[in-house]
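Visitor: Residue numbers (our numbering), protein chains in the order written: chain A, 1 to 343; chain B, 1 to 343; chain C, 1 to 343.
Just to be clear, a hint being listed does not mean it is correct.
Identical copies carry no separate label here, and so any pair may be met within one copy or between two of them.
Unchecked claim - Cross-link-like lysine-lysine pairs, in silico, DSSO-like; alpha carbons within 27 Å at most:
(1) K149 with K3
(2) K294 with K3
(3) K241 with K229
(4) K166 with K321
(5) K3 with K203
Keep in mind the hints are simulated off the structure, nothing from the lab.
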Amino acid sequence: MAKTNTGRFFEDYSVGQVIDHAVPRTVSGGERALYHALYPARHALYSSDEFARGCGLPASPLDDLAAFHVVFGKTVPDVSLNAVANLGYAQGRWLKPVYPGDTLRSTSEVIGVKQNSNGKSGVVYVRTRGWNQRDEVVLDYVRWVMVRKRDLDAPAPETVIPELPKVVDAGDLVIPEGLDFSNYDFTLAGEPHRWGDYEIGEKIDHVDGVTIEEAEHMMATRLWQNTAKVHFDATNREDGKRLIYGGHVISMARALSFNGLANAQMIVGLNGGAHANPCFSGDTVRAWTEVLDKAETAAPGVGVVRLRLVAYKSGNVFELKGEDGKYLPGVLLDLDYWALMPI
Amino acid sequence: MAKTNTGRFFEDYSVGQVIDHAVPRTVSGGERALYHALYPARHALYSSDEFARGCGLPASPLDDLAAFHVVFGKTVPDVSLNAVANLGYAQGRWLKPVYPGDTLRSTSEVIGVKQNSNGKSGVVYVRTRGWNQRDEVVLDYVRWVMVRKRDLDAPAPETVIPELPKVVDAGDLVIPEGLDFSNYDFTLAGEPHRWGDYEIGEKIDHVDGVTIEEAEHMMATRLWQNTAKVHFDATNREDGKRLIYGGHVISMARALSFNGLANAQMIVGLNGGAHANPCFSGDTVRAWTEVLDKAETAAPGVGVVRLRLVAYKSGNVFELKGEDGKYLPGVLLDLDYWALMPI
Amino acid sequence: MAKTNTGRFFEDYSVGQVIDHAVPRTVSGGERALYHALYPARHALYSSDEFARGCGLPASPLDDLAAFHVVFGKTVPDVSLNAVANLGYAQGRWLKPVYPGDTLRSTSEVIGVKQNSNGKSGVVYVRTRGWNQRDEVVLDYVRWVMVRKRDLDAPAPETVIPELPKVVDAGDLVIPEGLDFSNYDFTLAGEPHRWGDYEIGEKIDHVDGVTIEEAEHMMATRLWQNTAKVHFDATNREDGKRLIYGGHVISMARALSFNGLANAQMIVGLNGGAHANPCFSGDTVRAWTEVLDKAETAAPGVGVVRLRLVAYKSGNVFELKGEDGKYLPGVLLDLDYWALMPI
Chain A
1 MAKTNTGRFF EDYSVGQVID HAVPRTVSGG ERALYHALYP ARHALYSSDE
51 FARGCGLPAS PLDDLAAFHV VFGKTVPDVS LNAVANLGYA QGRWLKPVYP
101 GDTLRSTSEV IGVKQNSNGK SGVVYVRTRG WNQRDEVVLD YVRWVMVRKR
151 DLDAPAPETV IPELPKVVDA GDLVIPEGLD FSNYDFTLAG EPHRWGDYEI
201 GEKIDHVDGV TIEEAEHMMA TRLWQNTAKV HFDATNREDG KRLIYGGHVI
251 SMARALSFNG LANAQMIVGL NGGAHANPCF SGDTVRAWTE VLDKAETAAP
301 GVGVVRLRLV AYKSGNVFEL KGEDGKYLPG VLLDLDYWAL MPI
Chain B
1 MAKTNTGRFF EDYSVGQVID HAVPRTVSGG ERALYHALYP ARHALYSSDE
51 FARGCGLPAS PLDDLAAFHV VFGKTVPDVS LNAVANLGYA QGRWLKPVYP
101 GDTLRSTSEV IGVKQNSNGK SGVVYVRTRG WNQRDEVVLD YVRWVMVRKR
151 DLDAPAPETV IPELPKVVDA GDLVIPEGLD FSNYDFTLAG EPHRWGDYEI
201 GEKIDHVDGV TIEEAEHMMA TRLWQNTAKV HFDATNREDG KRLIYGGHVI
251 SMARALSFNG LANAQMIVGL NGGAHANPCF SGDTVRAWTE VLDKAETAAP
301 GVGVVRLRLV AYKSGNVFEL KGEDGKYLPG VLLDLDYWAL MPI
Chain C
1 MAKTNTGRFF EDYSVGQVID HAVPRTVSGG ERALYHALYP ARHALYSSDE
51 FARGCGLPAS PLDDLAAFHV VFGKTVPDVS LNAVANLGYA QGRWLKPVYP
101 GDTLRSTSEV IGVKQNSNGK SGVVYVRTRG WNQRDEVVLD YVRWVMVRKR
151 DLDAPAPETV IPELPKVVDA GDLVIPEGLD FSNYDFTLAG EPHRWGDYEI
201 GEKIDHVDGV TIEEAEHMMA TRLWQNTAKV HFDATNREDG KRLIYGGHVI
251 SMARALSFNG LANAQMIVGL NGGAHANPCF SGDTVRAWTE VLDKAETAAP
301 GVGVVRLRLV AYKSGNVFEL KGEDGKYLPG VLLDLDYWAL MPI
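Looking at chain A on its own, in the form it has when it is part of the complex (with noise of 0.2 Å):
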């Protein structure tokens, strides 16, 4: 019997089915240092331990993106190493903060799938859900993804697509016990711009661009246990070229967005997000963010922000689709999320 895993084919999904992911992983100081060298992180409550317990917290937890990026990690053996696309994001939320010392793993649910007309491959939908050492849920999201058949000859299942909100509604986010901005300190954290001074509408160019290098994006790629050989392998495409995991975009985009959106602390939510067109060794990043929405929350001196945020490569600045409602071809990413700001 061959014993190395070849991932799970369209046909091997049920809705309703089960999967807990393997290797579970204790993360450290290490991993929110090499986070800093990765990306150009700068959110203060995620660099100092001093900064976050002013803001209610016991300590700096590790970034949101990279606990996204743990538990994403864990599923790609059996969510999506068979994957043609990753087609999108919904419903994401954060609900615990990961600090040094925890051990998260992940589950997914399939709630979904749906077989493609030409009968060779699927969508499918799973509800992946993060966990600590305690049981905890940290983290909550669906993601879908077209998955290749095995056996042509399968017969489709039933369709189900599940229904997916667009927005996390402002008012399901969760706010870290304990979090209080009523005395934040904007010179540490860098910017004077609070929740006030934004305005539904408002577009910020984040200026900075940061080429990208091989060693960087599969180091990172790497350190979450993401073993999609795309990544990795450079005789796996006929180009020759590995293409970058889409976390690592996103990871980028939004330590560049700092710049202008410094205050924009935690991310507690995930609406959406499509990563427009893949993104290469080489490649120089740039973002803009656009503000989508505004609301309050029951927690002291903290207001939410729902931001789009763009990455792209080539093009201008504030740019995304063209006249046929296509992405440009030099938009890598489109990340529509929820993120925590002082009033």
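For this one, chain A is given, so just place chains B and C on it according to the hints.
Guide: The following block gives chains B and C in isolation, referenced to the frame of chain A:
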């Protein structure tokens, strides 16, 4: 007086000599995170404190190969700075797991010398020991290297060739105190295959490949404080290439072997190893394993398998040597080790 | 209102102004491991908790240059985002070791301004202090940079040029509390040469060279949260090159100087420094040192040496300036510092 270390030459070694290697090293979660960023390492026991505790250990240890590299790295300035070739390993045993917070140092005893017939170099055999801060030996292995003579007129020493069994006897392997695989979680470990599922002679293709970058192998090699200039200085060789530290290939191949050997958790013995051909940046490393032997142990639920791990950069899987008995040019590594596995 | 930071211009500085720099940073074993992965750093006091305790310290501190880079990095958005050139350093003193768990922040006081005769830029002198979470100053240094004017019509400020002695007086250096080299272990440190073995005027060739990669210098520079775009964005310069952060060359040269100066353990003073020529990926960095001065200290067994550390990428060892008094084109760095050494 010149203050820089020019390294020892062949005539500087004599049987019985003990060398205390410099620069002790305290390891932390930082070394663990970097190991996971540099290699696709996913063995659960080295990823999760919770999983390790479920196996009877107090926490997740530093990867056995990381411990090996730290111990090995310290020997380089004293043993292999003027080495022409790293010829072999034997009688390696891991005696104590290394945990974050431990401080490692190394000593080597010269156990054999043999001048080559050309009179220009000779072979030196050393038994190297790695020690922790409690003066416990954590690792013990023999290696032999070919070293140049400084003074070609120096008299040849009496030849002493140590007796080196080709295999560490399974009964001599040391099982970490408390290790218990009775309640081993195969789901979290990532594969269902247990000790009983592997047959002697069975070969496993680990499928995945990783293309290697200069920045990665240099970071890895520096992390182990291995200072051999061939790894770092592109002006050192005529072809402008930096030779990749053989240990980088070992770690890469071992990490790739997760796919098919996810439950071969702990390395406890090193029977032998050959760096068959040099590895350079741009090479894509693949790996396969042959099961050479199996044995039971006294620890609850713990078996041991003897594995041949082969890394290659070209040619076909399961190919090793040509008709002339020599390694094929695409073979990088032929490693023979013992690993613990749930029965 | 534009929310992104465009940085200060020359006319934004005035003598007496104090700037509280943003984004405090908690360091851990992760920063230490990365420092060892990025540089061939082997000074035993910064590698081993046990060795550090043998020298009277509670644990192994973060490398002094890593502490410098963290403190320096925070000043970049406020001091050098619009800098044309980093002109010099003076009066630097390390006042407290930084340990894992410490949180650093920086402040700068403007102590001098002088508009250039061309009216387009000027020189700004700042005294920067790094502080830990107990509001103790851990590091204090002066640097001056040439900064562009935003508005060429802005009036020239009154010229103030601070008096900056070329050397920190040996008596003003601060020896870490408890430091005691009476029982210093020269074997574990890696070299037998003590303070008494070095003579003023002596020059040491550190022999080894390291070829630099893009991924490495970017990871290092990001780790210190230094965001100057010239280091990251390949589209920023006409030649498509990314300028390497001068501090990367300082750390590389200092680490290379282990070979010959293994016992120059702790950096306590920075007398001056010039980044003589730019460094780019692909350059092979080498280093040499000249002993400029020596002094005793009040701490048991502790002497101090004043060292000129030169990094170069081409040309010959021990060459520094041409007949015109200018640095030779292959010289990268000329650094003048004080280091503690066992007597």
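Visitor: Taking the hints in turn, state whether each one holds.
Guide: These are the hints, each one checked on the structure:
no., hint, verdict
1, K149 with K3, "within (20 Å within a copy, 49 Å between copies)"
2, K294 with K3, "between (51 Å within a copy, 17 Å between copies)"
3, K241 with K229, "both (12 Å within a copy, 26 Å between copies)"
4, K166 with K321, "within (19 Å within a copy, 58 Å between copies)"
5, K3 with K203, "between (51 Å within a copy, 10 Å between copies)"
Every hint from the earlier list agrees with this structure, and none is contradicted.
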